[in-house]
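Line order of the protein sequences matches chains A and B. For the first sequence, the numbering used here assigns the number 420 to the last residue and increments by one with no breaks. For the second sequence, the numbering used here assigns the number 420 to the last residue and increments by one with no breaks.
Some hints could be false.
Computed spacing ranges between beta-carbons, pair by pair [said to hold, decoys possible]:
1. ASP50(B) <-> GLU249(A): 53 to 61 Å
2. PRO56(B) <-> SER302(A): 49 to 57 Å
3. GLU313(A) <-> SER212(B): 27 to 35 Å
4. ARG103(B) <-> GLY22(A): 31 to 39 Å
5. ASP309(B) <-> GLY114(A): 27 to 35 Å
These aren't lab readings, by the way, just hints derived from the structure by calculation. Here a beta-carbon is modelled for each residue, glycine too, at the ideal position from N, C-alpha and C.
Letter by letter, the chains look like this.
There are 2 protein chains.
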Amino acid sequence: MGKQASHDIMDAIDRRFSEQTDFLAEVTSHASTRGAEQSAQRFMDAQLRERGFDTDLWEIDVDDIAGLPGFSPVLGSYDDALNVVGTHHGRSQNGRSLILNGHIDVVPEGPLDMWRRPPYEPWCEDGWMYGRGAGDMKAGLVANLFALDALRDAGYQPASDLFFQSVVEEECTGNGALACLQRGYRADAALIPEPFDEKLVTSQVGIIWMQVYLRGTPVHAMQTSSGVNAIEAAIPLIAALRRLEENWNSDKPKHARFEHVEHPLNLNIGRIQGGDWPSAVPAWCCFDVRMGIYPGQDIDAAAQEIENCIYEAASQDSYLRDNRPEITYHGFLAEGYSLDDHEKPEAGLARSALEQAHQTVTGDRLQSMPITATTDARFFGLYADTPALVYGPTAEGIHGFNERVNLESTRRVTQAIALFIADWCGLEEYGAN
Amino acid sequence: MGKQASHDIMDAIDRRFSEQTDFLAEVTSHASTRGAEQSAQRFMDAQLRERGFDTDLWEIDVDDIAGLPGFSPVLGSYDDALNVVGTHHGRSQNGRSLILNGHIDVVPEGPLDMWRRPPYEPWCEDGWMYGRGAGDMKAGLVANLFALDALRDAGYQPASDLFFQSVVEEECTGNGALACLQRGYRADAALIPEPFDEKLVTSQVGIIWMQVYLRGTPVHAMQTSSGVNAIEAAIPLIAALRRLEENWNSDKPKHARFEHVEHPLNLNIGRIQGGDWPSAVPAWCCFDVRMGIYPGQDIDAAAQEIENCIYEAASQDSYLRDNRPEITYHGFLAEGYSLDDHEKPEAGLARSALEQAHQTVTGDRLQSMPITATTDARFFGLYADTPALVYGPTAEGIHGFNERVNLESTRRVTQAIALFIADWCGLEEYGAN
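Please construct the entire structure, taking both the sequences and the accompanying hints into account.
Structure representation (structure tokens):
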């Protein structure tokens, strides 16, 4: 690709950036929490069709994916869990194929009074756009689309096949990305613009979610001493999990890329619920555990170790000893993934192409980092032997309040994505096959 | 009242007891949890009208009662919080007036899988009726009604005014009973057949409910160390409350009637809720505190002591120190009450009448006891100078699972109530004024 083409493409992004910002606000205004992604997905589908993509909008069927590696268990059905893939067919096939992936689902917004303004009425201030999902990861999803728009504005299109994916379920299982694999979408590389500060994610941890359900013996509060309070029974179990976390983190990291990360494996007790009435000793309590593991670490063995920790703590309690906590899995059973471990030559080539694109746009060397979270990259990397680059804009407050994404960063990332596509897929003159 | 009349009345109860059991099952089948009492109350109203009572069915207006002593704060409105009072006017006015009070509201049933059978499909087994509310206190409420039916069957009616009350809100505030006072219903004594094992309740504790709301600093679970987990922040606060409970119970009881009660003041952490997503450090956690106090103990001072305990524990935490827990009252601010302390002569007279009735039915002396719970008796006793007798059937599992009431006990209590009415109100020939 010549300097002129690069310049034209970057320029096209600048010219459309105000439109891109409005588009991002529109996508962010859809409250696409788990189970409520339909309107956002139908919007994405319509936008892809308008741009001439062949689109594939489908409801995920758990039965189709339940037997596949990387599947995470779910409770309930996937009615209305819609994935969208838009396919561009390169005319000349003079390049490598690419998956541009992003997720449409967002985590719950939490108590509204902790937001400065309503989370689904995105607003801009001092160069940031605020709103639930603006950063994680609608800015990246929209960057993928506007990178392609810029190629077209400059008179080009990818010379090879390109699959634009807008998936659900990234925030709890990854089953949306898995369903894309199951449906046959494959390419030579994948790019996911998750909001990691314009750095390349080289390694990501695995994540285990489990839910612990405790029973108590319920009585009227007038006789609390004869009952067992299920809420308070949870406290020593949580303490034991914190000790396990401490042990895991004080051991030598089981993956080289995490040797300089201060606290690679994070436990989170993210949700609790228990009891029905202030004057009844609570008969039940349920809490959610989220724990990280290293890339390459056996997930079943790790889950078993966490279970054992919970059961061992429970066995110290005279009531729980005979009334074992029930442990349920309905969410992440996600392995770690490291791009560094990917031996296929495309891994290095894709990485070089992104480094080049980033340098052209920013003038700086692309930095890389391991992260203590997961992304859908693992599906492409582990289960389809497809190197997956995670590279997206700077955002703050993701999974928190007043989430925001930096707009200049979004612009730069959009430009880098466009140049990466041009390099990786090759360019041909815009037009139908 | 002659022996023949007693015999006829008790006999009438025996004859109708199968009908009474069916009636109790019907009332129990209404899932009259807070906010859902309407169908049960309309049923009670219709039954009272059918029996010739003047009925008064009204929606409680918080504004009418908010300024009265004994009022407990509520969140939200009382739309559809219906009270029912049926009034019988004694023709000859040859006796003392009486309030028969019972509450229609029940506490939530909790997880259905902890019930042997569905809680609102009452069933009988080995002489017990099972179902949520069967014991607490629909058996007593129905006993009140069938005691009056038995008088009529025997050809009698109360010779003085009698008010049959079916109230809401006993389980959380007592504002249903308070609204009856506010509406002008007064009598020389009140009887409440709460399920305390055919014993007379001589003293009851006061109850304070408060809700503690904690905030954390929410972040993505990948950076748990930079966030403050609001769920785990609650743990030291709960521990501090347990220490306060221990101190209060190890001090000499502040009321003579509780000197021989092993653990008079019970703390209960009855409900907890926190966080929205397993992979987000929870930004909030909220738990419910229920604590007992002695009769005569100043409720504001006690509440302040509990608050101080919470704030003091919070001040030990570097984050909570600057982000004080929010404490909200929306439930019991209930003073204790002791019939023993009631100096009005009617207190002794009513007690003697009940002792006599109980002895006639059971052949045993009426036992009495203090309880570590509250009842609506406090409103009559403290705020209307009306001695209030609490005396009802044997029940088990109230506020728990597989709640049940003993049917033979219910029969005996119904007979004792009928004889008590006959004695207290006097009898006259059944018939209109």
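Against the structure, the hints:
For ASP50(B) and GLU249(A), the Cβ-Cβ distance of about 58 Å falls inside the hinted range of 53 to 61 Å, so the restraint holds. Our hint of 49 to 57 Å for PRO56(B) and SER302(A) holds, since their Cβ atoms are close to 51 Å apart. Roughly 29 Å separates the CB atoms of GLU313(A) and SER212(B), a value that falls within the hinted 27 to 35 Å. Hint check: ARG103(B) to GLY22(A), Cβ distance near 33 Å, so the stated range 31 to 39 Å holds.
Checked against the hint of 27 to 35 Å, the pair ASP309(B) and GLY114(A) passes, with Cβ atoms roughly 29 Å apart.
In terms of the numbered hints stated before, the structure departs from none.
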